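Novice: In case you want the letters, here they are:
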Amino acid sequence: GENVEQHPSTLSVQEGDSAVIKCTYSDSASNYFPWYKQELGKRPQLIIDIRSNVGEKKDQRIAVTLNKTAKHFSLHITETQPEDSAVYFCAASIRETSGSRLTFGEGTQLTVNP
Amino acid sequence: NAGVTQTPKFQVLKTGQSMTLQCAQDMNHEYMSWYRQDPGMGLRLIHYSVGAGITDQGEVPNGYNVSRSTTEDFPLRLLSAAPSQTSVYFCASSYSGVPVYEQYFGPGTRLTVT
Chain A
1 GENVEQHPST
11 LSVQEGDSAV
21 IKCTYSDSAS
31 NYFPWYKQEL
41 GKRPQLIIDI
51 RSNVGEKKDQ
61 RIAVTLNKTA
71 KHFSLHITET
81 QPEDSAVYFC
91 AASIRETSGS
101 RLTFGEGTQL
111 TVNP
Chain B
1 NAGVTQTPKF
11 QVLKTGQSMT
21 LQCAQDMNHE
31 YMSWYRQDPG
41 MGLRLIHYSV
51 GAGITDQGEV
61 PNGYNVSRST
71 TEDFPLRLLS
81 AAPSQTSVYF
91 CASSYSGVPV
101 YEQYFGPGTR
111 LTVT
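Protein chains in written order, with this note's numbering: chain A, 1 to 114; chain B, 1 to 114.
Some clues are possibly wrong.
[Unchecked claim] Derived coverage of chain A by chain B (criterion: at least 3 residues anywhere in the stretch with Cβ under 8 angstroms from a Cβ of chain B; other residues may be distant): (1) 63 to 69; (2) 95 to 104.
[Said to hold, decoys possible] Taking lysine to any residue pairs in the SDA-like style, the calculated list, with each CA pair at most 25 angstroms apart, reads: (3) K22(A) x M41(B); (4) K9(B) x Q38(A); (5) K22(A) x Y101(B); (6) K58(A) x Y101(B); (7) K37(A) x Y104(B); (8) K37(A) x S80(B); (9) K37(A) x N1(B); (10) K42(A) x Y104(B); (11) K68(A) x S96(B); (12) K71(A) x L11(A); (13) K71(A) x L46(A); (14) K37(A) x T97(A); (15) K37(A) x P39(B); (16) K14(B) x Y101(B); (17) K37(A) x V60(B); (18) K37(A) x M41(B); (19) K42(A) x V88(B); (20) K42(A) x G3(B); (21) K9(B) x E106(A); (22) K22(A) x K14(B); (23) K14(B) x G41(A); (24) K42(A) x M41(B); (25) K71(A) x K9(B); (26) K22(A) x G40(B); (27) K42(A) x G58(B).
Everything labelled a hint here was simulated from the structure, so no lab data went into it.
Given the structure is predicted, the values throughout are model-derived calculations rather than measurements.
Beta carbons: idealized from backbone N, C-alpha and C, even for Gly.
The following block holds chain B by itself, in its conformation from the complex:
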């Protein structure tokens, strides 16, 4: 199993550009989530999904969209990039969200917005 994979590993965007961060898992996990990690801060939840077709907002959803058309994939879309979105983005998956089990994290995407 590859586990949780994320692409790209690094990305530089200009303010106003849009892009999609890809996340995929091959563990047949129902629960998937996106976090951002800023220096000196913990992980903050952006969006999460408890199964295909179901998504919900986390703590910091503004400026981001998600969809979950399959169990395996959970892409994160930045609509119009801003410097405040410079961060490391982690995707995570878990066997279930109700109740919650161990979350497995992907390797992260380091995004810089200039």
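The following block holds chain A by itself, in its conformation from the complex:
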């Protein structure tokens, strides 16, 4: 089955700096790569996603890049703010006969220091 590895597990940056989180996946048939943000005690919420036919997608301060050949994708957050502090999860989706399944990475705890 699909395996998703996420690095780093913790990341601490100063406010205004950029943050980059990287994920690799194992199954070349994966075709959908979402990123979720989870604040303490809350539910995960989608912040950005990318499909396998696109190499890069941007939404204001957040961008995701996908390298299908190397089977890795990254989340980039620019001009970080204290409210960006949270756990971020990457995921990869593979289509199976009975539907698609998401496999999640183990998460990155991002801390933005004011």
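Since the structure of chain A is provided, determine the placement of chain B on it from the hints.
Specialist: Just chain B now, kept in the frame of chain A:
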């Protein structure tokens, strides 16, 4: 719209007891899924459903049963609770599973098995 709702929010069980975690969505989503989240780990898929009457196993299905008799509801049954099932359980729904779209998560159920 209430979105995805889960009951109960908290539950304590004794080893060997059974119970059902409830999940409902009012967005007419075809795809529903159950995840468990353990400290320091990502979300692991337990079971999923691409429509009423159709369910399939995820990564960690042992000890859990599901059914999908209506589009709106997707209950998760713990057959004989074990301490290893202590976790936070999230239900999620999506417009479709083929292809997969954004998953909306419920608020979670925190389960402790003693």
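Novice: Does each hint hold? Answer for all of them.
Specialist: Hints versus structure:
{"no.": "1", "hint": "63 to 69", "in the structure": "violated (count 0)"}
{"no.": "2", "hint": "95 to 104", "in the structure": "holds (count 9)"}
{"no.": "3", "hint": "K22(A) x M41(B)", "in the structure": "16 angstroms, holds"}
{"no.": "4", "hint": "K9(B) x Q38(A)", "in the structure": "17 angstroms, holds"}
{"no.": "5", "hint": "K22(A) x Y101(B)", "in the structure": "22 angstroms, holds"}
{"no.": "6", "hint": "K58(A) x Y101(B)", "in the structure": "18 angstroms, holds"}
{"no.": "7", "hint": "K37(A) x Y104(B)", "in the structure": "12 angstroms, holds"}
{"no.": "8", "hint": "K37(A) x S80(B)", "in the structure": "33 angstroms, violated"}
{"no.": "9", "hint": "K37(A) x N1(B)", "in the structure": "22 angstroms, holds"}
{"no.": "10", "hint": "K42(A) x Y104(B)", "in the structure": "13 angstroms, holds"}
{"no.": "11", "hint": "K68(A) x S96(B)", "in the structure": "24 angstroms, holds"}
{"no.": "12", "hint": "K71(A) x L11(A)", "in the structure": "22 angstroms, holds"}
{"no.": "13", "hint": "K71(A) x L46(A)", "in the structure": "21 angstroms, holds"}
{"no.": "14", "hint": "K37(A) x T97(A)", "in the structure": "29 angstroms, violated"}
{"no.": "15", "hint": "K37(A) x P39(B)", "in the structure": "16 angstroms, holds"}
{"no.": "16", "hint": "K14(B) x Y101(B)", "in the structure": "37 angstroms, violated"}
{"no.": "17", "hint": "K37(A) x V60(B)", "in the structure": "23 angstroms, holds"}
{"no.": "18", "hint": "K37(A) x M41(B)", "in the structure": "14 angstroms, holds"}
{"no.": "19", "hint": "K42(A) x V88(B)", "in the structure": "11 angstroms, holds"}
{"no.": "20", "hint": "K42(A) x G3(B)", "in the structure": "15 angstroms, holds"}
{"no.": "21", "hint": "K9(B) x E106(A)", "in the structure": "23 angstroms, holds"}
{"no.": "22", "hint": "K22(A) x K14(B)", "in the structure": "40 angstroms, violated"}
{"no.": "23", "hint": "K14(B) x G41(A)", "in the structure": "24 angstroms, holds"}
{"no.": "24", "hint": "K42(A) x M41(B)", "in the structure": "15 angstroms, holds"}
{"no.": "25", "hint": "K71(A) x K9(B)", "in the structure": "38 angstroms, violated"}
{"no.": "26", "hint": "K22(A) x G40(B)", "in the structure": "17 angstroms, holds"}
{"no.": "27", "hint": "K42(A) x G58(B)", "in the structure": "23 angstroms, holds"}
In this structure, the earlier hints numbered 1, 8, 14, 16, 22 and 25 are contradicted, and the remaining ones agree with it.
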